[in-house]
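Engineer: Each residue of the sequence shown is one higher than the last, beginning at 1 in our numbering.
Just so you know, the hints here were simulated from the structure itself, not pulled from any lab data.
You may find that some hints are simply not true.
Claimed, not checked - Computed list of lysine to any residue pairs in SDA-like fashion (alpha-carbon distance at most 25 Å, straight line):
| # | residue 1 | residue 2 |
| --- | --- | --- |
| 1 | Lys56 | Ala149 |
| 2 | Lys56 | Gln127 |
| 3 | Lys56 | Arg73 |
| 4 | Lys56 | Gly32 |
| 5 | Lys56 | Glu106 |
| 6 | Lys56 | Leu93 |
| 7 | Lys56 | Ala67 |
| 8 | Lys56 | Tyr116 |
| 9 | Lys56 | Gln66 |
| 10 | Lys56 | Gly136 |
| 11 | Lys56 | His130 |
| 12 | Lys56 | Gly79 |
| 13 | Lys56 | Leu152 |
| 14 | Lys56 | Arg107 |
| 15 | Lys56 | Ala90 |
| 16 | Lys56 | Tyr80 |
| 17 | Lys56 | Trp43 |
| 18 | Lys56 | Asn92 |
| 19 | Lys56 | Arg135 |
Model, not experiment: these values are computed from the prediction.
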Amino acid sequence: MRGMTCTLAAAALVLTGVHAAAQQQPAPPAGGMRMVANSSLTWADANIPGFAPGMKMAVVDGNPAQAGPYTMRLSFPDGYRFPPHWHPAAENLTVLSGTFLLAMGERADESGLHTYGAGDYFYIPPQMPHFGGARGETVIQLHGTGPFAINLVNAPRP
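Kindly generate the complete structure, drawing on both the sequences and the hints.
Structural biologist: In structure tokens:
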């Protein structure tokens, strides 16, 4: 039930070191083009309340905690599961590697999970509850307009 949600701080603010990484992104050169090498990404543990440890996050561009465009990556270890949650803004998700598991709904029902591979893309509308995980080490890329926030479904109120 959406009325029983717990709004979490913007993900970049609750993650160890990720806010600083977002601020380290270089200003765009004249003309606005910018390249970010995968090897230059700063990965940090994604210590998000309600989520199991093991997920990591790296900001690729922008600052997810602020208004404006952002791009970030999430890395999941084999067997990782994340709980039903939703975001106030639309989420654009691309699987970069591994096998991503995803289902829509407010209850984590493993039988509803579908598998997706590298190159698969999703547009998840605002406030659409979803849950999932990973089979094998998996990396996804998210982009959208911040501030990015996570709302757990059926979380107790603080």
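Engineer: For the pair supplied as a hint, Lys56 and Gly136, confirm whether the alpha-carbon distance does not exceed 25 Å.
Structural biologist: 14 Å, holds
Engineer: Quick one, are Lys56 and Asn92 close enough, alpha carbons at most 25 Å?
Structural biologist: Within the cut-off at roughly 18 Å; holds.
Engineer: For a C-alpha distance cap of 25 Å, please report whether Lys56 and Tyr80 respect it.
Structural biologist: 11 Å, holds
Engineer: Verify the proposed pairing of Lys56 with Gly32, using a straight-line Cα cut of 25 Å.
Structural biologist: Given that 25 Å is the threshold and the Cα spacing comes to 28 Å, the pair is violated.
Engineer: Just to be careful, I want the Cα atoms of Lys56 and Gly79 compared with a cutoff of 25 Å; is the pair within it?
Structural biologist: Between Lys56 and Gly79 the Cα gap is close to 14 Å, so the pair holds against 25 Å.
Engineer: Please work out if Lys56 and Arg73 have their alpha carbons no farther apart than 25 Å.
Structural biologist: The given pair, whose Cα atoms are some 8 Å apart, holds under the 25 Å limit.
Engineer: Holds or violated: Lys56 and Ala67, Cα atoms, limit 25 Å.
Structural biologist: Judged against 25 Å, a Cα distance of about 22 Å means the pair holds.
Engineer: Does Leu152 lie within 25 Å of Lys56 when you go C-alpha to C-alpha?
Structural biologist: 18 Å, holds
Engineer: Regarding the pair Lys56 and Leu93, is the alpha-carbon distance no greater than 25 Å?
Structural biologist: The given pair, whose Cα atoms are some 16 Å apart, holds under the 25 Å limit.
Engineer: Hint check: Lys56 vs Ala149, CA-CA at most 25 Å. Holds or violated?
Structural biologist: Distance ~16 Å between Lys56 and Ala149 Cα, so the pair holds.
Engineer: Would the pair Lys56 and Gln66 pass a check requiring their Cα atoms to be no farther apart than 25 Å?
Structural biologist: 20 Å, holds
Engineer: For the pair supplied as a hint, Lys56 and Arg135, confirm whether the alpha-carbon distance does not exceed 25 Å.
Structural biologist: 15 Å, holds
Violated hint: 4 only; the structure is consistent with all others.
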